[in-house]
Structure formats: structure tokens, C-alpha cells
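Asks: The primary structure of each chain is shown beneath.
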Amino acid sequence: MNAPKNILLMSRRAPYGSSAARDLLDIALTCSVFEQSVALLLLDDGVLQLLTNQDPQVIQQKNLNSLQSSLSLYDIEQIYVDADALTHHGIRHSELHLPVTLLNKVEISQLIANSDVVLTV
Amino acid sequence: MTSLHTLNQAPSNASLMQSCLSSLQPDDTLLLIEDGVYWLLDTHRAKFPIALNIKALRLDAQARGLLPLVPEVDLIEMDEFVHLSVTHDKIVSWF
Amino acid sequence: MIFTVVVHASPCQNAAPESALRFCKALLSAGHTLHRVFFYRDGVFNGNQLISSPPDELNTMRAWQALAEEHSIDLVICIAAAIRRGVLDSTEAKRYEQNQTNLAEKFNLSGLGQLVEACILSDRVITFGGQG
Numbered sequence: 001m002n003a004p005k006n007i008l009l010m011s012r013r014a015p016y017g018s019s020a021a022r023d024l025l026d027i028a029l030t031c032s033v034f035e036q037s038v039a040l041l042l043l044d045d046g047v048l049q050l051l052t053n054q055d056p057q058v059i060q061q062k063n064l065n066s067l068q069s070s071l072s073l074y075d076i077e078q079i080y081v082d083a084d085a086l087t088h089h090g091i092r093h094s095e096l097h098l099p100v101t102l103l104n105k106v107e108i109s110q111l112i113a114n115s116d117v118v119l120t121v
Numbered sequence: 001m002t003s004l005h006t007l008n009q010a011p012s013n014a015s016l017m018q019s020c021l022s023s024l025q026p027d028d029t030l031l032l033i034e035d036g037v038y039w040l041l042d043t044h045r046a047k048f049p050i051a052l053n054i055k056a057l058r059l060d061a062q063a064r065g066l067l068p069l070v071p072e073v074d075l076i077e078m079d080e081f082v083h084l085s086v087t088h089d090k091i092v093s094w095f
Numbered sequence: 001m002i003f004t005v006v007v008h009a010s011p012c013q014n015a016a017p018e019s020a021l022r023f024c025k026a027l028l029s030a031g032h033t034l035h036r037v038f039f040y041r042d043g044v045f046n047g048n049q050l051i052s053s054p055p056d057e058l059n060t061m062r063a064w065q066a067l068a069e070e071h072s073i074d075l076v077i078c079i080a081a082a083i084r085r086g087v088l089d090s091t092e093a094k095r096y097e098q099n100q101t102n103l104a105e106k107f108n109l110s111g112l113g114q115l116v117e118a119c120i121l122s123d124r125v126i127t128f129g130g131q132g
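Chains as they are written, first to last, in my numbering: chain D, 1 to 121; chain L, 1 to 95; chain H, 1 to 132.
Treat the hints as calculated values from the structure; they're not laboratory data. Any given hint might turn out to be false.
The calculated BS3-like cross-link candidates involving lysine-lysine, where the alpha carbons are at most 27 Å apart (straight line), are [as the list claims (entries may be wrong)]:
1) H:94 <-> H:106
2) L:55 <-> H:25
3) H:106 <-> H:25
4) D:105 <-> L:55
5) L:47 <-> D:105
6) D:5 <-> D:105
Bound conformation, chain D alone (with noise of 0.2 Å):
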């Protein structure tokens, strides 16, 4: 068996206008199952996917919310947010709906070159 790699999942999309978010995370599950280290970058519009007290049963969506409180249970817990795209969006840390990490440009930079395999949903 190969080593396990760092695979980083990086989406700046908005959730529900796409099925981007929740493409994101089966990737991220799947990983989980085949044991990979798995990180999850949220840039852009991307932060919004973390937005609390989603309600999307409205338009006929499965909640998000839910899927991404099963993301601890699958030992994945590198959640990283941009913090510039918080403000951006004027949304404050304590309005996510999971326990993440702010990074800020060159940290986000970092956690890039440290990965093995960089996957863009």
C-alpha cells in the first residue's frame, strides 16, 4: 500500500445554485474511506457553503449543514476558510456552521504547495 497522500479539496463556489459543495464532499468522504489525509479549502464564494441555519428543504435541496456534521465522524477535520472572502462577504467566524481554521493569502499559499494532489470542485 502506498503512503497516505495529502489531497487537498479547494471549492469557491456558492452552494445550491450548483452541486458543487456537495460534489465536494463526496470526494472528501470517499478519500476519508480509502484513508487519505484530506483537507478542505473553502475560497471565494466558497465560504458561503458554511453559512448556519440553512434551510434548503425549502427548495426541495438536501441540507448541507448535515452532511458537513458527518465530516468529524469520517476523522476529517482540516476545514480551512479563507479569511479574506469572510470579509468580503461580511460574515464573521462565529456564523460558520463547523469548527474551521481562517487562513490568510500566504498561508492559503502554504497549505497549497504542502499538499501531494490539489482537486478543484
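Add chains L and H to chain D, keeping to what the hints say.
Replies: Same frame as chain D, but now just chains L and H:
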């Protein structure tokens, strides 16, 4: 570890380029493909840091009528695209 | 070097699949190995056998088939994404009680595990995607 970044969206998608540029490390390369090649037009290019390693796919530039408008030195063929993905440790796609 | 190529976009509306095809051909010409092409999201439409292109345009699905034929490439379509979009082989058509199939020959339906496995086994993974 170094990264080859590819970007395939036209300049109206400025925030995509902004996020890509801020994630570049000094030894990284930015390769413009598909509609990303329009970023090579002088007016857009002026916004890039001078030290940036930037290339564009010749096929995509040629197809879009850009050959007379962009510096020859920045254009690469498909085999060089493959070569860049070998000489960098990974590929990061911005789309 | 071992490559895996990931395609996220439909060949009918996006340049990404054709870029991916050209990249695959170039890496094979350079003597590298293509472990797998994985089609995710709208990329699954690349395996729709019923796509008919005008005679003077490239039929991307057939171009993938030709590449697979010539180089024994593993063309894998994400099964969950394919079922949502109606790209079915006979097993899935039966399972979902559909009376038609349209998965092109040389393409196989399989899970996201094939993407993760490819990431583990490949030296380089490159994604060709589109907006949306």
C-alpha cells in the same frame, strides 16, 4: 513543492485570477488555457506581478485570434504543457 | 511518469474535454503512462453514446473511444453522477427501472473510489473543468 497552475476563464472572472495569483509561490508557473488566454492581452497583463512565470497555450491563443496581439515568448505547445506538469510537483486547476 | 486526468465538463458546452483529450495525447506521445481518465459531474456526458455531432465537428465521445482503443486507457465515469444525468449501462438501467441504455463502449461506470485510488497511484493528477 512547486505547482503548475492552470486557469481557463476570461478576464471578466477577475476574482478567479485574484485567488489564483495570491496562491502562487515564487517557483510556481501559471499556464493560461482556453478562455484564460485573453489574460495575455496587454491591458490585463499589466496587472500581473513582473516576476510571474506566465505561459499560455498557443493553440488556444491562435484559435481566438490572439497571435498578433500577445508576446511570442509566452506561448507554449501541448508537449511543453506536459513537460511543465512533470517539472512541477503538482497541478492546480482554476476554473 | 503516471498521470490521471479528471474531466468535469460536458463536451457539448465546454472546451475542457477537448483540452483534456489533447493533453492525454501529448502525455502519451511523450512516453508517459495514463493510468485513468475519470469523468465527474457534467463530465459524465462524455460517455453518452447517443451524442451525434455534425460531420465536420469533432465527436469527443468517439475521440475518447479511439484513444482508449489505441492505448488501452481506463475511461471511468462516476456512477452516482451518471445516474443523476441519465448515462446508464444495462445493469444500472435495470436497477433504476429504465428501459434504455446509453453508455458508450470503452467507458465504465464506477465509484468515486476510482478517483481517489487514481490520486494515490498517480504521480500527477490534472483536472479539466468548467464553470458551474
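Asks: Determine for every hint whether it applies to the structure shown.
Replies: Right, here's what the structure says about each hint:
no.: 1; hint: H:94 <-> H:106; verdict: holds, 20 Å
no.: 2; hint: L:55 <-> H:25; verdict: holds, 20 Å
no.: 3; hint: H:106 <-> H:25; verdict: holds, 17 Å
no.: 4; hint: D:105 <-> L:55; verdict: holds, 23 Å
no.: 5; hint: L:47 <-> D:105; verdict: holds, 18 Å
no.: 6; hint: D:5 <-> D:105; verdict: holds, 23 Å
The structure is consistent with each of the numbered hints, conforming to all of them.
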